[in-house]
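Visitor: Based on the hints, put chain U with the ligand in the right spot on chain W.
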Amino acid sequence: MILLYDGSFEGFLTLVYEVYYQKLEPKVIYKKIPSKLCFEEIYTIETDINKAKKVFTSLQKTFSKSHLNTIYHVFLCDSQNFEYDLLSFIQLGFKKQNNLSNITHPSIFYIDTLEKEYLRLAHRMYGFVRFEELDDKIFYAKVETKFNILILLGNHFNKRLGNHPFIIHDIHRSLAYIKENNFRGIKEVAAFETPLHSDDEKHFKTLWKTFFHSVAIENRKNHKLQKQLVPLIYRTYMCEFQDD
Amino acid sequence: MKLSINDKIAILADGAKYDVSCSSSGSDASYKTGELGNTHNSGICHTFTSDGRCVSLLKVLLSNVCVYDCAYCINRVSNDIPRTAFTPRELADITINFYKRNYIEGLFLSSGIIKNEDHTMLLLLQTLRILRHEYKFNGYIHVKLIPGSSKELIAEACLLANRVSSNIELPSSKSLALLAPDKTKEKLLQPLKHAREITMERNAKPISMSTQMIIGATGESDFEILKLSSNLYQKALLKRVYYSAYIAVNNHKNLPIPEFSVPPLKREHRLYQADWLLRFYGFSYDEILRENENLDIQFDPKTFWALQNLHLFPVDVNKVSQEVLIRIPGIGIRGAIKILQARRFKKLGFEDLRNLKISLKKAKYFIIADKDYQKSIPLYEDRLKLALIKSAQDIIQPSLFDMSIYTGEI
Ligand code: SF4
Chain W
1 MILLYDGSFE
11 GFLTLVYEVY
21 YQKLEPKVIY
31 KKIPSKLCFE
41 EIYTIETDIN
51 KAKKVFTSLQ
61 KTFSKSHLNT
71 IYHVFLCDSQ
81 NFEYDLLSFI
91 QLGFKKQNNL
101 SNITHPSIFY
111 IDTLEKEYLR
121 LAHRMYGFVR
131 FEELDDKIFY
141 AKVETKFNIL
151 ILLGNHFNKR
161 LGNHPFIIHD
171 IHRSLAYIKE
181 NNFRGIKEVA
191 AFETPLHSDD
201 EKHFKTLWKT
211 FFHSVAIENR
221 KNHKLQKQLV
231 PLIYRTYMCE
241 FQDD
Chain U
1001 MKLSINDKIA
1011 ILADGAKYDV
1021 SCSSSGSDAS
1031 YKTGELGNTH
1041 NSGICHTFTS
1051 DGRCVSLLKV
1061 LLSNVCVYDC
1071 AYCINRVSND
1081 IPRTAFTPRE
1091 LADITINFYK
1101 RNYIEGLFLS
1111 SGIIKNEDHT
1121 MLLLLQTLRI
1131 LRHEYKFNGY
1141 IHVKLIPGSS
1151 KELIAEACLL
1161 ANRVSSNIEL
1171 PSSKSLALLA
1181 PDKTKEKLLQ
1191 PLKHAREITM
1201 ERNAKPISMS
1211 TQMIIGATGE
1221 SDFEILKLSS
1231 NLYQKALLKR
1241 VYYSAYIAVN
1251 NHKNLPIPEF
1261 SVPPLKREHR
1271 LYQADWLLRF
1281 YGFSYDEILR
1291 ENENLDIQFD
1301 PKTFWALQNL
1311 HLFPVDVNKV
1321 SQEVLIRIPG
1331 IGIRGAIKIL
1341 QARRFKKLGF
1351 EDLRNLKISL
1361 KKAKYFIIAD
1371 KDYQKSIPLY
1381 EDRLKLALIK
1391 SAQDIIQPSL
1401 FDMSIYTGEI
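Protein chains in written order, with my numbering: chain W, 1 to 244; chain U, 1001 to 1410.
Treat the hints as calculated values from the structure; they're not laboratory data.
Among the clues, some could well be false.
Unchecked claim - Pairs of lysine-lysine residues, derived as DSS-like cross-links and limited to a Cα-Cα distance of at most 30 Å, are as follows:
id : chain 1 : residue 1 : chain 2 : residue 2
1  : U       : 1136      : W       : 224
2  : U       : 1347      : W       : 95
3  : U       : 1357      : W       : 146
4  : W       : 209       : U       : 1390
5  : W       : 54        : W       : 96
6  : W       : 224       : U       : 1357
7  : U       : 1390      : W       : 65
One chain only, chain U, in its complex shape:
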């Protein structure tokens, strides 16, 4: 049966959708006149899906044919599903036409393993070559590096793409051995290390890289997960780690049963918040959690941390530095900057903070502002917890995509 382009896009978008690392921000390639496209450095969402995820890139597989058999993946070789592939030309044409109509910021290209690793990487590269060289496309391209493909191919991918990534899939080597026998942590990180070396040789700045891991398919604690992320950030290997709540698609003896499993969306949300604390709020993973602990579902990680560290509170918002301000529950980086700016002109009380549209719902328990502080609840963990829960409309809005541009403030 011959599939139409429309059938192909349906199948190949479906096969790629569980991969969440779709941000197109933070890239600074600038446009050149006469060529098509530029990349915008604060991330543009072109639409939002019915599950509330930002669509920024045309995220598809070149092919959903795969010779591997990863237990958690819909495209594994042992699944009986319709298989298809774009030709590089077909995909380049769709990308250009979507881009011109402003449906997308660019392309996010991945693929199952067709025949072998190098063959697959080459097909991905052909698509990129048509886009960059023939169509002079200057928009955003994110390409998955195929673990196990040769160094020259990875080098070319780094030249053509704005961002490259390789998923570490699962948070530990043990889980990998169990569920993805063809993969090891070393093999999955290899292309990233290559890419980093290669781009560092060319110019001082390494290419932007990210990875993804699946949450809830295996038993690792949030502590282990955050420790792993934190290591990857510290080595400056990665710009982002994405967390993806496991959606059970296959039956497998070592995996949750599809009929009974619910994707752990709240946990994923808390992980994104904690990750945010690692990257922008100056927290270390062992401040956020203790060995083998999981993130609290009821309280966001910053509030939870504050409750464990009440001896540091209350803090005086008119005196403390930005680093301390951003550790106050309910005050984000934007709020802290407003406070710093405003307090040059006057001593700030609760009323002033409210006028600055800084929510005091959580913060009021942890601060002193001029003559104001909250007097009704003593600063004890259990009393505070109760008060916070009562006042809390801490409604979690689970979203697969990192919503940080909108809700990054914790």
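Excised from the complex, chain W in its bound form:
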């Protein structure tokens, strides 16, 4: 049996509900109808806030805080087909919490590994995000990431930038973490005008590039290693890798 849900967290929790109450045994779970023709039975989950809430409450009761975090983190790996394994992670946890540390179980191992990858990505981006100062003194950064890590980025830069207002714009997901006046949190961004930079912006970018090139040691050039450490996909918004 193939299960279909709308890709939202509520949708996924509803799915967990239906699996329990209708005793479903899905083989695959999709966010949208698969393009390839298949002969399996397809069952579409209708997202239902009340069912989702029920599941959420019992998750909170049963799962430790760190396992709940694992569930959120894995859910935010939105470019991955994690659903089947996350469902069995939840089922195993409901059966017995101790099951969740059994990394010899393929689903537990998968979830464990995926969460680590998620956190590694966030950690990497803590370094690779680049802010530009706009003419109204707001710091603005664009990101494109494999997983949705906006909330972790927001929390991190909240601590780092103190009272400064900032925006982190997730281009592909059309979301932004915004900290301005009294608001801090994630909003949808429909359209965004390319902002004007402050007068200093160019100056500091130039200084940074100069610094970046002077610290490299000629005798030890190793572009292959550099590419491994900063893969090209991360470089789009890192000004030191752009020519003027």
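Guide: For chain U with the ligand alone, coordinates are given in the frame of chain W:
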């Protein structure tokens, strides 16, 4: 000629780049709301240079003017190179602006000796005062203590910085006398001892300190080097020792000739691995090497050790403790933890280990896992060496910066 800020940063970053001790991790100063910055305790790399080093800090000299004449240093007084200096204000402004844009985690500040030691230390401190007091900067600051500067200045540096360091430069007093006549080992370690005393008086925990030594400029063996590091760690004087493959920049009768010398990158890499064994794997320096020996270039230090100690192998991964697991070639601390966690649920065979993404390429020769063990190669040193070399893609990726966050597993 008046230099622009851009020229200055080019010159002063260039002058500081051979100093490798640039990790910003392991500090736990937490942020206070409303002030700028926090320090993250697992080290953040903001970019990587074309030689593959992590850039975490704005690492510059305040000035490359120097009255000393250390033979191995590009900034020595007898070199004819362009000289310049930042004002403390200029440097503080750059730091803040780089920090806000998330180019860096903080500042790593060092300097040539301008006029004299105290004068230099004071200029460094002025930069730190502007950052901490005026800009309320709470990010990471690492400052070099100038050997020979007064105790009060060192005390203030310890208050303002997250980490302080002083390079011991060369692994022995003899080499120092030969190449850095103005310096002695005592003089170089003095500021570290001061800093330790001062911070211990203030609170129970000493400030985090590190040092660096140059490898390959002089003739010390790796045994001597590791022994020195191990002593420094044991006295809990230092948190890190950094090794820097000597890059010949000057002509000097007691130094390798620049045109013919290649920085000993593989050796440096092996030293970092051995240092890692000292700090995290419970090895002592005389287990790793015997008197006057150098580290093997072909095998990593742990594999080399195992080959010398075959009577301890094979070990049963389902039984032995973590201390023994981490001594198996190819199994790191993360791997050992996975094994400990998984074996509570089942007896682990080779297949299970592979599923846990533990590489058996090296480890298989040294372990028993349930019913599995490798049967084709007998446990003799030369046979094993051959097998390991054949299967080895032990490609060394030399990197000046300690890559331990990525490749710490040995
Ligand atoms: S004191 Fe430092 S900057 Fe001056 S010559 Fe010696 S190593 Fe170079």
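Visitor: Against each hint, give a clear statement of whether it holds in the structure.
Guide: Checked hints:
Distance restraint check for residue 1136 of chain U and residue 224 of chain W: the Cα-Cα separation of roughly 39 Å exceeds the 30 Å cut-off, and the hinted pair is therefore not satisfied. For the proposed pair residue 1347 of chain U and residue 95 of chain W, the alpha carbon gap of about 22 Å is at most 30 Å, so the pair holds. A distance of roughly 22 Å separates the Cα atoms of residue 1357 of chain U and residue 146 of chain W; the hinted pair therefore holds under the 30 Å criterion. Note on residue 209 of chain W and residue 1390 of chain U: the hinted pairing is violated, with a Cα-Cα distance of about 43 Å set against a maximum of 30 Å.
Restraint check: the Cα-Cα separation between residue 54 of chain W and residue 96 of chain W comes to about 19 Å, which is no more than 30 Å; the hinted pair holds. At most 30 Å may separate the alpha-carbon atoms for a hinted pair to count; residue 224 of chain W and residue 1357 of chain U meet this at roughly 24 Å. For the suggested pair residue 1390 of chain U and residue 65 of chain W, the alpha carbons sit about 47 Å apart, so the restraint of at most 30 Å is broken.
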